[in-house]
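A.B. asks: Sequence:
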Amino acid sequence: MQRSDGDSNTALPDALPNPLLQTFYFGFSVVNDIFGSNIRPSQSKRFPRSRLQRWRDTLLSSIVFPVGLFVVCTFWGIYLVDRELVYPQKLDKFIPSWLNHVMHTTILPLLLGEMCLVYHHFPSRSRGLKILMSFALSYLIWILWVAYYADIWVYPILKIMAPHERVIFIAILMALFVSIYLVGEGLNKFLWGKERRSYQLMLQKSRS
1 MQRSDGDSNT ALPDALPNPL LQTFYFGFSV VNDIFGSNIR PSQSKRFPRS RLQRWRDTLL
61 SSIVFPVGLF VVCTFWGIYL VDRELVYPQK LDKFIPSWLN HVMHTTILPL LLGEMCLVYH
121 HFPSRSRGLK ILMSFALSYL IWILWVAYYA DIWVYPILKI MAPHERVIFI AILMALFVSI
181 YLVGEGLNKF LWGKERRSYQ LMLQKSRS
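First residue of the sequence shown? That's 1 in UniProt numbering, and the numbers climb one at a time after it.
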């Protein structure tokens, strides 16, 4: 993530919203582990989820996982095409490669591990997408506000585009956000659906 001071050749590191978001989430997860609950699918009918767990689950499913995967996909995708558009080579003098990977790579295995090891109850698809789109649009408005009032494009790739190209590019990114949300939803069902179905079958047998 970069910021340009009006010249894409003088890009500087951005405020790192994704690492801050991920740090907040995992910190909040620790708080939930201590004061909240970690109800699995097989326990959901007997024990209600705490408010902290409900917030944690919604935060991961609707914002943290989609944004984390989005950053990894878009950063490295553009980097492989032309790194100067997202991470100019001159930054290598100031930012070591390991820190670049901390910001743009390591979050992927962390999120996949979180999805595999900890059950998260996803909200309805419409609610989850509304939350995600609200977050994405808020961030987009901030990017455009900075560009308009300070003549600074947070991401150099946007600076070199014509207005109609930006519209198309942003529309593609929004579609990618939706696709990633559906991937997370599907992954959650794949990982935890069997336990949920087994428990529901057990309940049906106990009632018959």
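Hints should not be assumed to be uniformly reliable.
[What the hints assert, rightly or not] Here are the computed lysine to aspartate or glutamate pairs in the DMTMM-like style, where the Cα-Cα straight-line distance is at most 25 Å:
(1) K130 / E114
(2) K130 / D57
(3) K93 / D82
(4) K159 / D33
(5) K194 / E114
(6) K159 / D92
(7) K189 / D92
(8) K90 / D151
(9) K159 / E84
(10) K194 / D82
(11) K189 / E114
(12) K189 / D57
(13) K130 / E185
In case anyone wonders, no lab produced these hints; they're calculated from the structure.
A.B. asks: Can you give the numbers of the hints that this structure goes against, from lowest to highest?
C.D. replies: 4, 7 and 10
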